[in-house]
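Enquirer: Here are the chains, one letter per residue:
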Amino acid sequence: MTYQADEKGYYGDFGRAFIPEMLYPNVEKLRSKYLEIMKEASFRKEFDQLLKDYVGRPTPLYLAERLSEKYKTKIYLKREDLCHTGAHKINNTIGQILVAKRLGKNRVIAETGAGQHGVATATVCALMGIECVVYMGEVDIARQAPNVARMKLLGATVIPAKSGSKTLKDATNEAIRDWINNPVNTHYIIGSVVGPHPYPDMVARFQSVISEEVKTQLKEKEGRENPDYVVACVGGGSNAAGIYFHYLDNPEVGIIAVEAAGKGIFTGESAATSALGKEGIIHGSKTLLMQTADGQITEPYSISAGLDYPGIGPMHANLFRTGRAEFISVTDDAAMKAGQELARLEGIIPAIESAHALAIFKDRKFKEDEVVVVNLSGRGDKDLSTYIDYFNL
Amino acid sequence: MNRIIQKLQETDLSENKEKKLLSIYFTAGYPKPDDTFTIIQELEKNGVDMIEIGLPFSDPLADGPTIQESSTKALKSGMTTLKLFEQLKDIRKSVSIPLLIMGYFNPILQFGVEEFCKKCAETGIDGLIIPDLPVDIYTEKYKAIFEKYDLINVFLITPQTSEERIRFIDSVSNGFIYMVSSASVTGTTKGFGDETKAYFERISVMNLKNPQIIGFGISDKESFEQATEFAKGAIIGSAFIKHLTENETGKISAFVKGIRDI
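Chains as they are written, first to last, in numbering that gives the first Met the number 0: chain D, 0 to 392; chain R, 0 to 261.
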């Protein structure tokens with residue numbers, strides 16, 4: 000039994016590629032090449048070098064002593080917030096831009112919610128001199144203005160998605176339409192472990208550097224590779240996939256996934272997919288998603304733009320269905336307070352997405368000698384205006 | 000016999016050889032929730048050969064803004080899968096034209112694939128076009144169900160589809176192949192360039208067992224004639240939706256006659 004994708008892209012019953020024929024040639028080419036490309040020595044060399052010299056890896060594994068003291072357990076933070084561009088997203092965009100080059104593509108498109116993936120994509124496109132177009136929901140453009148400016152400064156074109164809820168789901172639709180309209184020269188850099196196979200597996204592999212590093216770092220600090228728990232927030236779930244990856248098939252390590260409850264799971268303003276979702280198809284993948292009884296995809300809500308997605312990646316749907324992972328949902332309020340708490344106890348302002356993962360300690364108790372590694376997936380700079388409004392700073 | 004097959008065979012007869020099939024797409028529940036029946040009757044009365052009834056979906060990936068907006072409006076006014084079947088309940092008492100449902104897979108999955116097919120058969124639906132149900136998953140999991148209810152599942156090919164895959168799709172198909180005119184979502188192109196014509200020609204000389212009907216980018220008499228020079232027929236969608244937006248269910252006769260003189 001494995002929790003990794005099989006050859007066809009199934010995670011248990013979830014995954015695979017439910018795509019229109021117009022996308023088939025591109026997705027199939029990627030599927031048939033991605034593993035081969037990722038194994039090439041020249042690819043590994045370039046990827047590792049860029050992660051080290053450009054992204055700033057390895058990121059620290061930091062023992063948060065004051066936080067640990069407060070919650071009476073041993074909490075480590077994996078500092079993805081210290082990556083270049085401020086979040087883990089760049090691990091994947093570096094990988095995919097190198098794949099795009101090897102596939103002979105000279106134009107890149109991406110979708111973005113909070114703007115972190117858009118910035119990470121614009122960054123690697125600037126680095127490689129490749130044209131970049133980013134689709135972003137109109138609502139997200141308004142609430143993540145600094146990231147929009149960053150993308151533009153990096154030379155990317157930002158196109159507002161004006162359909163539906165005007166957030167991440169709709170930006171993804173628009174990006175897919177762009178790919179249909181530009182099937183030859185364009186590579187689509189999906190930012191999370193969602194979409195048709197091979198994307199969930201490819202993105203998870205690029206993000207797996209996170210848990211690879213944790214193993215080595217924890218060995219140094221604790222004398223063991225395995226923590227008792229790994230914890231991450233899940234929107235689509237790429238940072239979670241990264242910190243779970245090397246522990247997925249290791250039953251000694253508990254997996255905790257934290258979803259955004261928004262204003263409360265049953266308020267109608269939530270993004271807690273595992274609680275509210277049903278099996279279905281979204282963006283070319285069979286997974287759990289929030290939808291009406293009639294199969295129309297519903298509009299999620301979270302204060303955090305990066306978690307505001309009505310589905311979760313198929314890997315996570317399978318972790319939920321099989322009971323391999325424990326799913327916890329956290330409200331806007333709890334996340335904001337956890338963000339403030341980390342700032343005051345540890346001097347680190349987290350992204351509101353990551354603050355959701357930190358919010359579990361209030362209610363989910365751990366033993367004193369247990370080691371809990373939380374993926375601090377991004378920094379809070381982009382969320383300052385939300386923090387300012389929320390706390391009247 | 001399935002009405003799609005019957006229609007295709009009819010047009011193979013020598014006296015009809017030159018006649019090109021005109022298929023029209025519209026979104027169920029648009030412009031008004033109860034227009035479905037009227038639109039179908041009007042289209043048949045005016046000599047259209049086949050109708051694709053669009054099952055509205057919140058996230059229609061392969062469609063452009065025109066069809067997406069019509070879907071959004073239909074959903075807002077309360078359209079559902081069950082409602083569509085209710086509207087179509089007595090359709091076979093008054094029309095005999097081949098009817099297909101074109102919809103995305105998620106609403107069908109939620110309805111239950113077998114239940115959906117059963118309802119289609121009871122209603123008198125002849126075929127389905129489900130853009131995001133790829134041919135490989137269809138053959139593995141759903142083919143048997145579709146066949147049990149005598150439903151023809153229509154697959155798409157595009158200018159980027161490899162010859163090998165076209166042959167595979169042809170072998171799985173039974174009815175016609177939906178040939179997407181160019182790399183695009185619906186409603187985006189106007190007129191065909193040399194590259195597109197070369198693609199039409201390339202397919203027409205492959206001698207596939209299934210006839211081809213061309214869709215995407217056909218909006219008027221000129222593009223209809225260009226497309227059908229190389230294929231059995233053509234499908235008009237977005238242009239008809241625009242007509243409905245401007246005229247509601249009026250002047251359908253003028254629209255159809257503007258495309259093809261019967």
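Don't read these hints as lab results, they were simulated from the structure. All values reported here derive from a predicted model rather than from experimental measurement. There's no promise every hint is true.
To be verified - Below 27 Å or equal to it, Euclidean Cα-Cα: the simulated BS3-like pairs (lysine-lysine) are: (1) R:196 <-> D:28; (2) D:104 <-> R:196; (3) R:75 <-> D:277; (4) D:151 <-> D:262; (5) D:69 <-> D:38; (6) R:147 <-> R:31; (7) D:165 <-> R:241; (8) D:7 <-> R:140; (9) R:250 <-> R:196; (10) R:72 <-> D:165; (11) R:31 <-> D:165; (12) D:262 <-> R:75; (13) R:220 <-> R:256; (14) R:16 <-> R:220; (15) R:16 <-> D:277; (16) D:69 <-> D:361; (17) R:241 <-> D:161; (18) R:220 <-> R:241; (19) R:118 <-> R:88; (20) R:82 <-> D:277; (21) R:88 <-> D:7; (22) R:92 <-> R:31.
Enquirer: Each hint needs a verdict: does it hold in this structure or not?
Expert: Hints, one by one, checked against the model:
1. In summary, the hint linking residue 196 of chain R to residue 28 of chain D is supported, as the alpha carbons are separated by about 25 Å, within the 27 Å threshold.
2. With a CA separation close to 26 Å, the supplied pair residue 104 of chain D and residue 196 of chain R stays within the 27 Å bound.
3. Distance restraint check for residue 75 of chain R and residue 277 of chain D: the Cα-Cα separation of roughly 22 Å lies within the 27 Å cut-off, and the hinted pair is therefore satisfied.
4. Proximity of residue 151 of chain D to residue 262 of chain D is assessed by CA-CA distance (about 32 Å); at most 27 Å being required, the pair is judged violated.
5. For the suggested pair residue 69 of chain D and residue 38 of chain D, the alpha carbons sit about 44 Å apart, so the restraint of at most 27 Å is broken.
6. A hinted pair counts as satisfied when its Cα atoms are at most 27 Å apart, and residue 147 of chain R with residue 31 of chain R does not qualify at roughly 33 Å.
7. The hinted pair formed by residue 165 of chain D and residue 241 of chain R meets the criterion: a straight-line CA distance of about 23 Å does not exceed 27 Å.
8. Taking the CA atoms of residue 7 of chain D and residue 140 of chain R, the gap is about 14 Å. The hint holds against a cut of 27 Å.
9. Taking the CA atoms of residue 250 of chain R and residue 196 of chain R, the gap is about 31 Å. The hint is violated against a cut of 27 Å.
10. Between residue 72 of chain R and residue 165 of chain D the CA atoms are separated by roughly 16 Å; this keeps the pair inside 27 Å, and the hint holds.
11. For a cut-off of 27 Å, the pair hint linking residue 31 of chain R to residue 165 of chain D stands: about 25 Å separates their Cα positions.
12. Among the hinted pairs, residue 262 of chain D with residue 75 of chain R is consistent with the structure: their alpha-carbon atoms are about 24 Å apart, no more than 27 Å.
13. Distance hint between residue 220 of chain R and residue 256 of chain R is fulfilled; the C-alpha atoms sit about 9 Å from each other, no more than 27 Å.
14. At most 27 Å may separate the alpha-carbon atoms for a hinted pair to count; residue 16 of chain R and residue 220 of chain R meet this at roughly 19 Å.
15. Annotation: proposed proximity of residue 16 of chain R to residue 277 of chain D is violated, straight-line Cα distance about 49 Å (limit 27 Å).
16. Between residue 69 of chain D and residue 361 of chain D, the direct Cα distance comes to roughly 10 Å. Compliance with the 27 Å bound is thereby established for this hinted pair.
17. As the CA atoms of residue 241 of chain R and residue 161 of chain D are separated by approximately 20 Å, the hinted pair is consistent with the 27 Å bound.
18. For a cut-off of 27 Å, the pair hint linking residue 220 of chain R to residue 241 of chain R stands: about 16 Å separates their Cα positions.
19. Taken as a hint, the residue 118 of chain R and residue 88 of chain R pair is honoured in the structure, with Cα atoms around 9 Å apart against an allowance of 27 Å.
20. As the CA atoms of residue 82 of chain R and residue 277 of chain D are separated by approximately 22 Å, the hinted pair is consistent with the 27 Å bound.
21. Of the supplied pair hints, the one linking residue 88 of chain R and residue 7 of chain D is violated, its CA atoms being roughly 39 Å apart against a limit of 27 Å.
22. Distance hint between residue 92 of chain R and residue 31 of chain R is fulfilled; the C-alpha atoms sit about 22 Å from each other, no more than 27 Å.
When held up to the earlier numbered hints, the structure conflicts with 4, 5, 6, 9, 15 and 21 and fits the remainder.
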